[in-house]
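With the sequences and hints as input, model every part of the structure.
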Amino acid sequence: MKKATYLYKNGVWNKELDGSLDSEQTLILCFGTSNHPLIEEAFNYLSSIFKNSTIIGCSTSGEIYQDELFEGCLSVAILKFEKTRFKLNKERFEDISQSYEVGINIVTKLQEEEDLKSIFILSDGLFINGSKLTKGINSCLKEGVIVSGGLAGDDDRFEKTWIFVDGQFISHCVVSIGLYGENINVFSSSYGGWKQFGINRIVTNAIDNTLFEIDDKPALRIYKDYLGENSKNLPASGLFFPLMVKEKGYEKPKVRTILSIDEDKQSITFAGDIPVGSEVMLMKASFADLVNGAYKSGEELLFGKNVEDGISIAISCVGRKLVLGQKTEDEIDAVYKQFNSGVEQIGYYSYGEIAPFIENECDLYNQTMTLTLIWETI
Amino acid sequence: MEELDNKVLKRQLKKLDISDYSNLSETKFKQFLQIVQQTYDEMDNNVYRLENSLDVSSKELNDLTQNLEIRIEEELSKNREKDKQLLIQAKFAAMGEMIANIAHQWRQPLSGISTVASSMLVQIELELTSLEEAKKSYEKILEFTGYLTQTIEDFRDYFKKDKYPREFNIVDCMNKTINIVEISYKNSGIKIVNSQKNQEYLSLGFQNELKQVLINILNNAKDALIPKDLKEKFVKIEYKKEGLNSIISIYDNAGGIPKDIIDNIFEPYFTTKHKSQGTGLGLYMCKQIIENHANGEIIVENKDFEVDGKSYFGACFNIKLKNKE
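From first to last, the protein sequence lines stand for chains A and B.
Going by the working numbering, the first sequence opens with residue 10, and the numbers climb by one from there.
Going by the working numbering, the second sequence opens with residue 389, and the numbers climb by one from there.
Just so you know, these hints were derived from the structure itself, not from any lab.
Incorrect hints may have been included.
Said to hold, decoys possible - Chain B stretches covered by chain A per the calculated footprint, using a threshold of three residues with CB under 8 Å from any CB of chain A:
#1 392 to 400
#2 424 to 432
#3 440 to 453
Said to hold, decoys possible - Derived CB-CB ranges, DEER-like:
#4 B/421 with A/230: 33 to 43 Å
#5 A/284 with B/616: 55 to 65 Å
#6 A/106 with B/408: 28 to 38 Å
#7 B/433 with A/257: 52 to 62 Å
#8 B/433 with A/49: 44 to 54 Å
#9 B/450 with A/211: 50 to 60 Å
#10 B/681 with A/230: 43 to 53 Å
#11 B/471 with A/297: 49 to 59 Å
#12 B/429 with A/191: 16 to 26 Å
#13 A/284 with B/405: 42 to 52 Å
#14 B/429 with A/350: 32 to 42 Å
#15 A/284 with B/466: 22 to 32 Å
#16 A/179 with B/405: 35 to 45 Å
Backbone N, C-alpha and C fix where the C-beta goes; we use that ideal spot for every residue, glycine too.
If you want it as structure tokens, here you go:
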């Protein structure tokens, strides 16, 4: 696999694009500002240089390039595979209720070809139910296929996200890449570092990913009490306190983060489902907790491997960026410094991460540093 | 440029492309101040958020603790109510047993009165009656009614609630209880071995409550012995002193209580009897009375005992009561 990474900032590429990497076996991943007119020129240029390549991407809440964080930019990785086949799949949908079906369609179409090793997913960040999407995926996923990826972001505005596919910026879309063959290596890890605090609560009223009441009290009121003056910045400020959700029948808890609020209904919509009867607790994190969490994700990813040459796609939650503020690059660096010099890193801050949960099942994560490491063995 | 330790500060300078302080333009400086101010604001907000969440969380924990106290009080009150109900049920059960015992006790004198009266009627009809015989018959009837009255008095005592603890002889209490159950024991072919019936073991407490306990244990022993195919059926009573306490031991030779249930028999609603016979409250109430009212102890074990030099095996209830000082 030949590879290159680029950063487009203030209308300028950080280095000359290497057109020799263009081929039908070339995959280009792009993560850029949600304000896409700022980077349209960059996409036009990429498309003109890499005519035969497959270019996909999504909007972000911050772009990761190597060990740095950027805003209003475009972070790009070009992967020219030598032996690996890949297949692009695009799923358009109209309504959030189709999330599960979208998951099924992705897997069904990508599994039509033999020897599927992994699926990398980029999804609309606002109009999808990530839990349902991953449940749909899990419902028909063959054993041993690694699924990872993330939901698009929109800084901390939660207004509009885009997916780039077929030369267009679109919403209501999930784009996925299936990677096939013996030569491709894909590993994924995910770690948060948040700690639960306060009292243990029970979800008493919720529908799918919309939470109405906890312990018979309006969920929004609880969040407002905890946020105090910061509650005027909801939903963004809700990211300071993710929710640990322990569903009935699952030992492993999940972390859920706020997407939107409804003042009239006093409800909060999360990136994933919050089933009634689940045990929930608010979570908090110190800078050190989050940076250590990111480090652990890198450690888990590289455990028992010595990868000399590859691409790391770091997808971290916007909530982490909000807490870390100007220390955000500490967590990016905590991951990056663990790689050999031949491993390059791009990525973005998201509204949700997708990674393996338990064996042969992926799930939607929130508030984690999720890593996907790709390399080819020849 | 002097080396800085702070990562954030280093990054801020890097972002603004500041490497040389001497040539710092006003615009760059203003940009730098802006970015530094942002850091201060973030830090202030972090401190506010943590302090506020700590306050809210502490308040919630306090509320929860208070709620827990209320909930505990509610549960305790529910339990007290439940205990009250149990007591009432147990009283009814005890009354049921009493009525059964009264029926046993009255059957014989009632039948006696009936026989005497019928015989008198026949004699009057046949004009065979003499004044002397009539007198004898009336005396016999009076004897029977006296016995009936005594039975009623015994049972009335049994249900009379003692207001204050009084000194009483444990052995007397047992003797009176045996009087109540004696006939049903005889009818069931069970012998009560009560060789220490003339001794004195003084205690301070509520005699009638102890009678309820003893009658319960004696009835249980009887029920355990009735279905057994044994040549001789015994219940043996023993008393002994142990330090400041007196111990009443009630043995039966019904073979003992199965190991898997012996630890549960004092629990409420635990019964081995058919629903129509047992409420499962008898021994629970016995334990309540002995431990909570008499400040004593009641235990059960399976063990050997002797009657007339012969060894028998069965359950043994030991009731420990404080001696009168």
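These are the hints, each one checked on the structure:
no. : hint                         : result
1   : 392 to 400                   : holds (count 4)
2   : 424 to 432                   : holds (count 3)
3   : 440 to 453                   : holds (count 7)
4   : B/421 with A/230: 33 to 43 Å : holds, 39 Å
5   : A/284 with B/616: 55 to 65 Å : holds, 58 Å
6   : A/106 with B/408: 28 to 38 Å : violated, 59 Å
7   : B/433 with A/257: 52 to 62 Å : violated, 36 Å
8   : B/433 with A/49: 44 to 54 Å  : violated, 34 Å
9   : B/450 with A/211: 50 to 60 Å : violated, 19 Å
10  : B/681 with A/230: 43 to 53 Å : holds, 51 Å
11  : B/471 with A/297: 49 to 59 Å : holds, 54 Å
12  : B/429 with A/191: 16 to 26 Å : violated, 53 Å
13  : A/284 with B/405: 42 to 52 Å : holds, 50 Å
14  : B/429 with A/350: 32 to 42 Å : holds, 37 Å
15  : A/284 with B/466: 22 to 32 Å : holds, 31 Å
16  : A/179 with B/405: 35 to 45 Å : holds, 36 Å
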